[in-house]
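Peer 1: Residue numbers (my numbering), protein chains in the order written: chain A, 115 to 394; chain B, -14 to 250.
Some hints could be false.
Claimed, not checked - Subject to a maximum C-alpha distance of 25 Å in a straight line, what follows is the list of computed PhoX-like cross-link-like pairs (lysine-lysine):
| # | chain 1 | residue 1 | chain 2 | residue 2 |
| --- | --- | --- | --- | --- |
| 1 | B | LYS175 | A | LYS147 |
| 2 | B | LYS90 | B | LYS175 |
| 3 | A | LYS208 | B | LYS(-8) |
| 4 | A | LYS387 | A | LYS176 |
| 5 | A | LYS176 | A | LYS268 |
| 6 | B | LYS(-8) | B | LYS5 |
| 7 | A | LYS268 | B | LYS243 |
| 8 | A | LYS303 | B | LYS90 |
| 9 | A | LYS209 | B | LYS175 |
| 10 | B | LYS88 | A | LYS303 |
Stated by the list, open to error - Here chain B is said to cover these stretches of chain A; the calculated rule only asks that three of the stretch's residues, wherever they fall, bring their Cβ under 8 Å from a Cβ of chain B:
| # | stretch |
| --- | --- |
| 11 | 197 to 205 |
| 12 | 279 to 289 |
Note that these hints are calculated values from the structure, not bench results.
Just so you know, these numbers come straight off a predicted model, no measurement behind them.
Beta carbons are placed, not taken as given, at the ideal position from N, Cα and C, and that holds for glycine.
Residues per chain are reported as follows:
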Amino acid sequence: MNITDVFTEKRKNLTSLLKLRRTFEGGQRECPKCHEMAETARLTETNWICPKCHYYFPMAPKERIALLCDENSFRELYSSVHSRDPLQFPDYGKKLAENRKRTGQQDAFVAGVGRVGHIRFAVGVLDGRFMMGSMGTAAGEKIVRLTEYAAKRKLPLVIFSASGGARMQEGLFSLMQMAKTSAAIEKFKSSGGLFISYLTNPTTGGVSASYASLGDIILAEPDALICFAGPRVIEQTIGQTLPEGFQHAEFLLEHGMIDRIVERSRMRQTIYKLLKLHQM
Amino acid sequence: MSEALAKEPTAYERVQLARKSGRPGITEFIHRLFDDFIEMHGDRLYRDDPSIVGGIALFHNRPVTVIGHRKGKNTAENIRCNFGMTSPEGYRKGRRLMEQAEKFKRPVITLIDTPGAYPGIEAESNGQSNAIAESMACMSRLRVPVIAIVTGEGSSGGALAIAVADTVWMLENAVYSILSPEGFASILWKDAKRAPEACDCMKLTAQDLKGYGLIDGIIEEGELMYSDMDLMLATELERLSKKRPQVLVAERYQHFRKIDGLYQQ
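One chain only, chain B, in its complex shape (with noise of 0.2 Å):
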């Protein structure tokens, strides 16, 4: 038994643990990671998506912008949050404060934890195509510092519209992937009940990701993860924040625009 705890969890396991309702969501880490924390609402076109938290808060003393998924920590949350899947409300109402972030020279900080965007006829409607699209190139031109950190479940395109970041993070049992291992194995062997032998060729735990280049750094779960947190946030926010603003943004585009598939484990 022991043995078995002391073995590395496999790609499923971690997508389990990722998703697990007990694990921390953006409230905790907000209340642990900043201080001064006030949330602003809406996206000045529509209505207000609870799925998306955003507001202004003090790190180390300094005013920064925090962006992230909320799935809700119980059922009535859950549905309010619809389960963390964001509608283009709430990827709007980001990219409102991100803009808002720019002007008054704030860093931006995204939490990730989605099973991806909300697939509804409603959203649709509304443009989620364009949400997530203008999203990303408001990202990809930020004069400000931009640090990602996928926290649980980052799943698709609802994922990576607030991921465009100078530096992504994990945490260790954080997955990050194309679309859910249900989804996947559905699209390709069209049988959703495939999903564990899914995340084993999709490459999807931080530490995979780490391997090919494709994020940053990973940080542990264990008792320091908060202050493993907070040291990574402080560290890359001063390294970050010497750069000038062309800087940021040319180097920015270039860490997408090298992403080619050349890299190899």
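Extracted from the complex, chain A is given alone in its bound form (with noise of 0.2 Å):
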């Protein structure tokens, strides 16, 4: 197939999409950025990007895996894996029923397999809507086994990432998913596979710090939030103003921390290019 075909695969593949978009509830929503009111049919057809100010908003894991991937190609995995909440922490079971009810979703990652212009991929999508994307034992049991299940079939992987960070409601528990999902990735790496790490808004603290920072190709979304300590954090620890556009994917860049600031509109494109590159 040639790099260039891809986008009649993408037409296709739209067809699914809108499909899927109507299913999605109708109304307004508020841009965080220029707070101006954008209809969520339009919002739909931009890719949830500010037809004002193009600010990225927060993509759902099958909105974007339907973009991403060629059309029916997805199959998820281990959409059964939930936390156990080991430390019985306060409030955190209602919390969770919430957030799953709200989303449809066990826990904020989502992983499966899928095709893009063909080539068979492990991908991963860590949802900023549930409970900020947070990483606990189950976003971390399903990174590590979608990273084994990679590895043992010699797939490429490619994870989104949107993350406050480890999630506090499990305590250390979250803390070793850190260790955890970087060893696997470690290993992943080491015998050869091919590791994209893909930052949107916002990637910070343990997610940051940890599998997210260890792609063998770092991209990320225009403008996405992405740091180890927020923005407030560091302003109440040095009690300064921080500089405009610190921390932010174009800073990043200039600092040498990823590969490639990439829009949403050549996601696909960007993905299905790389993935061809590695099978060469």
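Reassemble the complex: the two chains are provided individually, in unrelated frames, and hints are given to aid placement.
Peer 2: The following block contains the structure:
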């Protein structure tokens, strides 16, 4: 398949995407950046990019997967993995139940296998809408299982992250997921696997400081906040206002921390090209 | 009064004990546990971060690499060491010394005592996330024995960055947590003053963590502390040194791989 053929594939792909989008609720959404109201219907057409100021709204994992993968090629894995609330943390069970109901997912990470331009790959998406995409035992376990799955089948691995960091309610169990996911990715990479880490708004704390920073290739969406300590924590610590654009994707690119910034409209094409180049 | 003293300290009291200024720091531990320590400096990229001490020493006449956080003993030292809050350069120095240890087949011993990785402009600009992640990734594949001891505060990724070990121990009054109790309370309840309450639900004491199987052992802090540390290190080093490098790496991987929240007290 020629690299440009991917666009024909993409057009085919749109049918399923539009179908999926119709199922999302109607109404309007306020852009957090320019505060303009945008029709949800219009946002689904723009891939959740504000028509006025180009702010990137978060994308639901299923939507991102539909935009990325060949039509009907995605198969979800490990969807039943869920947190057992290891510390029996106050109100955590209730919070999990609410988030499960709202998203239809057991936890914040969606894992699976799909194809882009007929190339099979393992793909995972951390969902910023599920308890801020925080990584606890369920997300950590799924990331590691997906990584091990990719290693066993010699598939490239692409993970999209959006996270507030490690999940507070699971205490040290969450912190340990940083070591666990980093070790799994390291093992995968040293066995020859290709790991593309795709950072979306926001990727912070324990996620940014573990597997997400270990990509053979690190991509980011425009203007995404990517950091270890959040801007508010830093301002409180040093007592000064932070420079404009600090910790955003463009800043990280300039400081040599990421390979490229990729617009959402070019996501599928970019992933396809990179996977293709690693097949040769 | 005597009854109150005999009682087990609460989680919050342990946090205060772990932070207490007279508590032994890395300098004492190195002095008491090792011989002929030679400190090494710098990350070979940018600068030397004094909040991480690293070097080569003898333990029972065997060369080992020792790496740990340094908070400093007085105000001037505290400031120089940034109160034990490590910057990317510190983690990169640690990683360099671990890879060097692997090359010369020296075991690695890490001593953890930090309020967390430094949240600052320069630290972020120089890749704090990347430095922590790379340090953990490096430790996960080291082909030599790795032993970690949390001696004071083990807060957040800043602590874990040098704690991906074959066996993880804690001193009796040390704490090990996802974040400082103040940070935890301010994230969860938007109120840092609720830190004492946070300590109870965070399960950050050595005793709680041992119960969950998240650490391997506890060393009591009485008169015998140093000799107990010495005994633990000698025993663990002997046990781990018998393993083939690929077995060590595979078992270390499993050590963290199996943490899925299934352990219940």
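Peer 1: With reference to the structure, classify each hint as holding or not holding.
Peer 2: For each hint, the structure was consulted:
A hinted pair counts as satisfied when its Cα atoms are at most 25 Å apart, and LYS175 (chain B) with LYS147 (chain A) qualifies at roughly 23 Å. Between LYS90 (chain B) and LYS175 (chain B) the alpha-carbon distance is near 48 Å, which puts this suggested pair outside the 25 Å criterion. Taking the CA atoms of LYS208 (chain A) and LYS(-8) (chain B), the gap is near 34 Å; set against the 25 Å cutoff, the hint is violated. Taken as a hint, the LYS387 (chain A) and LYS176 (chain A) pair is honoured in the structure, with Cα atoms around 22 Å apart against an allowance of 25 Å.
A distance of roughly 24 Å separates the Cα atoms of LYS176 (chain A) and LYS268 (chain A); the hinted pair therefore holds under the 25 Å criterion. For a cut-off of 25 Å, the pair hint linking LYS(-8) (chain B) to LYS5 (chain B) stands: about 19 Å separates their Cα positions. Under the criterion of a C-alpha separation no larger than 25 Å, the hint pairing LYS268 (chain A) with LYS243 (chain B) is consistent with the structure, at around 23 Å. For the suggested pair LYS303 (chain A) and LYS90 (chain B), the alpha carbons sit about 23 Å apart, so the restraint of at most 25 Å is met.
In summary, the hint linking LYS209 (chain A) to LYS175 (chain B) is supported, as the alpha carbons are separated by about 17 Å, within the 25 Å threshold. Taking the CA atoms of LYS88 (chain B) and LYS303 (chain A), the gap is about 21 Å. The hint holds against a cut of 25 Å. With 7 residues bearing a CB less than 8 Å from a CB of chain B, the stretch 197 to 205 of chain A meets the requirement of three and the coverage assertion stands. For the stretch 279 to 289 of chain A, the stated coverage by chain B holds: 9 residues have a C-beta nearer than 8 Å to a C-beta of that chain, and at least 3 were required.
Comparing the model with each earlier hint shows violations of hints 2, 3; every other hint is respected.
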